[in-house]
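Trainee: In case you want the letters, here they are:
2 protein chains.
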Amino acid sequence: MKKINLGLIGLGVVGSGVYSILKENKKHILLRRGIELNVKKIAVKDITKKRSIDVDKSIITSNIDDIINDTEINIVIELVGGIDFSFDLIKKSLEKNKHVITANKALLAIKGKELFGLANKNQLEIGFEASVGGGIPIIRTIKDALVGDKIKSIYGIINGTSNYILTKMVNENQDFNYALKRAQELGFAEADPTLDINGGDAAHKIAILASFAFNSIIPYDSIYCEGIDKIELNDIYYAKELGYTIKLLGIADEIMENQICVRVHPTLIPIDSPLANIKNEFNAILIDSHFLGNSMYSGKGAGMFPTANAVVSDIVEIAENIAYNIEFNEYKNIHYSKKELVPLSSKCYQYYLRFNTLDKPGILAKIAGIFGDNKISIARVIQKGKHKDSFVHLILETHDAYENDVQKAINIIDKLAIVDPPSTILRIMHPGNSN
Amino acid sequence: MKKINLGLIGLGVVGSGVYSILKENKKHILLRRGIELNVKKIAVKDITKKRSIDVDKSIITSNIDDIINDTEINIVIELVGGIDFSFDLIKKSLEKNKHVITANKALLAIKGKELFGLANKNQLEIGFEASVGGGIPIIRTIKDALVGDKIKSIYGIINGTSNYILTKMVNENQDFNYALKRAQELGFAEADPTLDINGGDAAHKIAILASFAFNSIIPYDSIYCEGIDKIELNDIYYAKELGYTIKLLGIADEIMENQICVRVHPTLIPIDSPLANIKNEFNAILIDSHFLGNSMYSGKGAGMFPTANAVVSDIVEIAENIAYNIEFNEYKNIHYSKKELVPLSSKCYQYYLRFNTLDKPGILAKIAGIFGDNKISIARVIQKGKHKDSFVHLILETHDAYENDVQKAINIIDKLAIVDPPSTILRIMHPGNSN
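Protein chains in written order, with our numbering: chain A, 5 to 439; chain B, 5 to 439.
A hint or two may mislead.
Identical chains blur together in the list; that is why a pair holds if it fits in one copy or across any two.
To be verified - Once the Cα atoms are required to be at most 27 Å apart in a straight line, the calculated DSSO-like pairs of lysine-lysine come out as: (1) K370 - K388; (2) K31 - K154; (3) K61 - K27; (4) K244 - K172; (5) K30 - K61; (6) K95 - K154; (7) K27 - K154; (8) K30 - K54; (9) K388 - K31; (10) K117 - K6; (11) K31 - K336; (12) K342 - K6; (13) K30 - K342; (14) K7 - K44; (15) K283 - K115; (16) K30 - K154; (17) K388 - K172.
If you are wondering where the hints come from, they were derived from the structure by calculation, not from laboratory data. Keep in mind that this is a model prediction, so the values were computed, not measured.
Just chain A, same shape as in the assembly:
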């Protein structure tokens, strides 16, 4: 039995969850791994704050240096969020020879290269299972289960707030604003939900996943990112009529050996796709790899205990490596490959397009002509009755076409007098239906 000392920085929702799990399952973890995990110190902003959990006051401090300078602490667990403060404290911890665990996806997406580099230099580990997909062990799966495989594509429902809102729109006909309000009331959305609904949070997560899946640091700011804030109930209905549901997906796929495309956007997927049944606040990640084929991992993507559970799994892994004296493997965090990032504009998709057009004869012919001129072929057309004033909805589903060509065509169409812009462009994919 070996004792490993932990320093916890932050005692908010996830921090309290970590503390509770470690307390409740201390003996269980000891029996399973022979390791005694001891929370030696907890740093918080406000020592006097009332907490929902019962913590021994003698281990609480408001000074993070009490943790960083404590030579008996082996692992620092950063659960404060934000960028600059977290970056500083993780950097200092690594410099003081401490392993680090974090759930901070924004930080890793933006500063991952620097932090992993520093960790490697000092022969230390950074555990970050909790940063993507909450309780879903997706980092482990990519790093360990698929270590001998090559990943071809990742499709992730990795923002619980968006998935909750879209589920309510699809299943209960709630409009976007009402569903968002309900999500906030239920705690599935933040008071400021900007990063959730504009796709930014999903972009952080797909950046992290893609970096490890494709062994190449993905610059966060190069990721095309479109959220769900422009999805209307009409589009949900028409998609359903065409056999699709709408999910916000983080997507990364390999085009050729050294080219990948990483992006976030709402996506129409067939209702029998394995991702279509992932509802409400649940997350799921579908991976297509060369040898394993399609595999999918789903579970709660956020919340106190799911996220804390992932943090605890990292604590045990790193603690075990310390206790059983494993030598540091510098290869583990190396992104040995340099992939070229292909912009979305050169990708090929099927498209769902909705135009608000005047209700006059000849309009479909006009629009279809513009598509033909741009090498886009149409698979299905739906025309819907009165929309507003004298406008109607014209919905087109295309065959595979290049994003560039579609954008060009839409630009032309949106300038026509018969069309009330902006037109709606959504992409269609078939994740998990290929094998």
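Using the hints provided, position chain B relative to the given structure of chain A.
Mentor: Same frame as chain A, now just chain B:
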């Protein structure tokens, strides 16, 4: 960079897959983990046999002692199947200080206690990710991702053949025998499919999963096991009418702190259950754990490369532990807990029951009366037209009732002159719909 020597025993479907992956992704694994994996020797039954893969003849032997006695070989990979021969060679390998990897679920289910005990005594690891769920990293997930959590229940679609047959029955109205024949033609069922369709294979797998999930060796022969061979198309139709689909599930759940129930049987599950969309040869395992809640893992449960991929993930993990000198953690394979196995007869379920009854007035009253006498309350009734001669189908869905009481009632009913036995008893569960 460290070189680890492997001895492969068996070069059938999975063995060939392992060899191919190691060959194709040797550099990839080296770059990811700094380990060179070298297949030093391969033992096969027949050296002269033509093989679909190109293997250097100089490393092939027909004598397994060439591997077991080779002191340079660090890891033995057993891929021959069967019980006695495999048990012997694994035992010998462990005695000769070699780590072992196996995909042999029958062996582990039956002889696991002895083998893990021997491995622990000699401070060696047994990798067995490939034994359950093919390419799904479920053993890793239970042992590592959920190490700090407590598992409440496991529901597994863990026999691909059964799932393929049931999918064809549900989606294409194929009858059992036709679907089985198709599965054999497509390679999803063995020439002798007995263990697949009688539930034995699923029982091996749930025994392994439950042992590690509940930290207690589950004696294989104590598992209640019922296969899909008695499922009729009629039951598929009626289940659908009631909102259910039918899956063969391996199930293990905790009743109280020290009691678990482990069994395999066809199960009616709601069509919107996350397990309902797992189709054809795919497997899925749904776990409900105390902190994480419901999480699900799905992918191909068998086949050359999915299974080989799991073997390779074990090779890399054990090779890394050897290369980076981790000390052996004896706790890892200890089943520290002793759980009481609760028999199915004392479990509580909802039931789907089908009776072949005469088409006469008063029969429902008679049968309902017997249910009432046995404390079983009825939720829904369907009566279907002519079945054979003058018999009709009477389908009952019960509220929660004890298996014991239901069996008692059925025994009485099957002896009535108005009933043509045997009646069909299927259990209804709601996996994944609780949270």
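Trainee: Each hint: holds or not?
Mentor: Taking the hints in turn, this is what the structure says about them:
1. K370 - K388: within (17 Å within a copy, 56 Å between copies)
2. K31 - K154: Classified as between; 12 Å across copies, 38 Å inside a copy.
3. K61 - K27: within (15 Å within a copy, 57 Å between copies)
4. K244 - K172: both (14 Å within a copy, 25 Å between copies)
5. K30 - K61: This pair counts as within: shortest intra-copy Cα distance 19 Å, inter-copy 52 Å.
6. K95 - K154: neither (32 Å within a copy, 34 Å between copies)
7. K27 - K154: between (39 Å within a copy, 13 Å between copies)
8. K30 - K54: within (24 Å within a copy, 55 Å between copies)
9. K388 - K31: Classified as neither; 63 Å inside a copy, 56 Å across copies.
10. K117 - K6: between (32 Å within a copy, 26 Å between copies)
11. K31 - K336: For K31 and K336, the Cα distance is within 27 Å only across copies (14 Å; inside one copy 30 Å).
12. K342 - K6: between (40 Å within a copy, 24 Å between copies)
13. K30 - K342: So K30 and K342 pass the 27 Å test across copies only (19 Å; inside, 42 Å).
14. K7 - K44: within (11 Å within a copy, 39 Å between copies)
15. K283 - K115: neither (31 Å within a copy, 41 Å between copies)
16. K30 - K154: Intra 37 Å, inter 12 Å, cutoff 27 Å: inter-copy only.
17. K388 - K172: within (23 Å within a copy, 37 Å between copies)
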